[in-house]
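Visitor: With the hints as your guide, set chain B onto chain A.
Going line by line, the protein sequences match chains A and B.
If you read the first sequence in this note's numbering, its first letter stands for residue 3, the second for the next number, and so on.
If you read the second sequence in this note's numbering, its first letter stands for residue 18, the second for the next number, and so on.
No lab work stands behind these hints: they were computed from the structure.
A few of these clues could be false.
What the hints assert, rightly or not - Only pairs whose alpha carbons sit at most 30 angstroms apart, straight line, appear in this in silico BS3-like list of lysine-lysine:
1) Lys98/B - Lys153/B
2) Lys170/A - Lys164/B
3) Lys153/B - Lys170/A
4) Lys180/A - Lys164/B
5) Lys164/B - Lys229/A
6) Lys154/B - Lys170/A
7) Lys170/A - Lys128/B
8) Lys128/B - Lys180/A
9) Lys153/B - Lys297/A
10) Lys297/A - Lys164/B
11) Lys153/B - Lys186/A
Keep in mind the model is a prediction, meaning the values are calculated, not measured.
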Amino acid sequence: MKWTTNLKQFPYPFKGSTYRYSNNSIPMENPVSIEITPNYKEEMQLKRELLHHHSERCYQSLPHTLTGQWEIVDLVMNHLVTAYPQFFSLQKSDNEWTFHNKLLDETQSFTFGDSTTLPVEPLHFISLHVQEDLIYMMQRDGDLYLDAGQLCFPANWSLTFNLGMAFKSIHHPIPGFKEEGLDKRILQFLMRLEAGNPWERKNWSLMAGDRLDTSIETFVEWGKLRKQVTKENVGELVHLRVEVQKLFRLPRTNSILFTIHTHLLSLEKLTSNPEWLQQFYNILSELPPQIYDYKGISLYRDAVLAYLSERLESEKVR
Amino acid sequence: MTHDAVFIENKRKYLFCADQHGMKLLSDVMEQSSEKEFFRFEEEPDWTSFTSFLEKQKIGSYLYVSLPKSEIYQARVLAEKLGFSEETAQFIGYGENVVRVFCSRCHSINKTVEEQREILCQQCVLELSISDHYSKKHNAYLGYAAKL
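Just chain A, with the same shape it has in the complex (with noise of 0.2 angstroms):
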């Protein structure tokens, strides 16, 4: 699948000239916890495909999760028709409420709070509707459970594992993570999110090929795509991921809300800006080997520093 973007909106998720681990969190500018891009409608099919097909991959909830569901149902909602209001709308009369998507053509009447009046549980039904990842973090004994979450294009996580898991075992994985005590303090940040104060920040990885759903159960297919980078398809094939991740404090259940909106962007379009391909290239340079490691770039990262030292060749020509 081909994605349109559009440079100027792409979240380039690089600062300074290196990168390490870090809560490089920010509070946000503008508060709402969605994005509507010019793939939505593509985003949306391919989504709900994997949802129907790949539901216990793409879909997992404990069942002390629906009064949390519906806090989400009622922050997406009201984000989507607030800052997308020639896209949404929402009617309510008490609890009844109609929520119409302009863009896909579908309206859905429901009682707000009776999941039995939904097709599905609250949290898949507005997962629907998003491009967005959800994930459900429910907040008790000091820590944070990922209790629900509706995941379709994660960077290479299963969220059927991660369930019920608590927030250092989830990033047990990361390197570096707990020795250099990010995990606790990163939980400790969370665990302070305050309602109507939500924080964003960017990850990043690069990949070969430009697959959105990369996650570890479907990883046979497309991580072997990692082997078949050479110099000649480096600027096609592979791709700048970056996660722009949303933090919301939902109040009632005192859980949190985690919107993961990925983009990809070809290194042949991340290089056409002459400032991003020297960041760019300073970084992937300098950056220690367990990171890289970590984020699947060993096999190919020659090929991509080759390249990115050409084009800065060129461009000095120029």
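Guide: Relative to the frame of chain A, chain B by itself:
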């Protein structure tokens, strides 16, 4: 979880939850206890029935569980959820140190001996590399695709 069962005196009631082999390991303790009740595990543990059995017990009961090492952890997690603690329960695992491995492709649980680093998933035949990423819920380590 590898020690022998020790008899603790003066409890109101003793609960023995084990499979066939586990019951043998608990037999000495059983002989010493007065009021007792049993829960028999089959080869594939029925955790729902085990939970119901524990739920109906009153305060003052003392719990003994004996199962293969691959299952004993799950029994402990469920019992602790229902309020049993180190003061009110003993968990006797037996057999090889078995680890459970969650297949990252098909989600099935594979059992293997602790020393093994790579296994073939019994369900989907993917070669799995056993990681140290652990899920309490699944009582299993994540198995990644070992090769591309």
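Visitor: Each hint: holds or not?
Guide: Going down the list of hints, with the structure as the test:
no., hint, in the structure
1, Lys98/B - Lys153/B, "13 angstroms, holds"
2, Lys170/A - Lys164/B, "27 angstroms, holds"
3, Lys153/B - Lys170/A, "13 angstroms, holds"
4, Lys180/A - Lys164/B, "27 angstroms, holds"
5, Lys164/B - Lys229/A, "11 angstroms, holds"
6, Lys154/B - Lys170/A, "15 angstroms, holds"
7, Lys170/A - Lys128/B, "25 angstroms, holds"
8, Lys128/B - Lys180/A, "28 angstroms, holds"
9, Lys153/B - Lys297/A, "25 angstroms, holds"
10, Lys297/A - Lys164/B, "16 angstroms, holds"
11, Lys153/B - Lys186/A, "19 angstroms, holds"
Comparing the model with each earlier hint shows no violations; every hint is respected.
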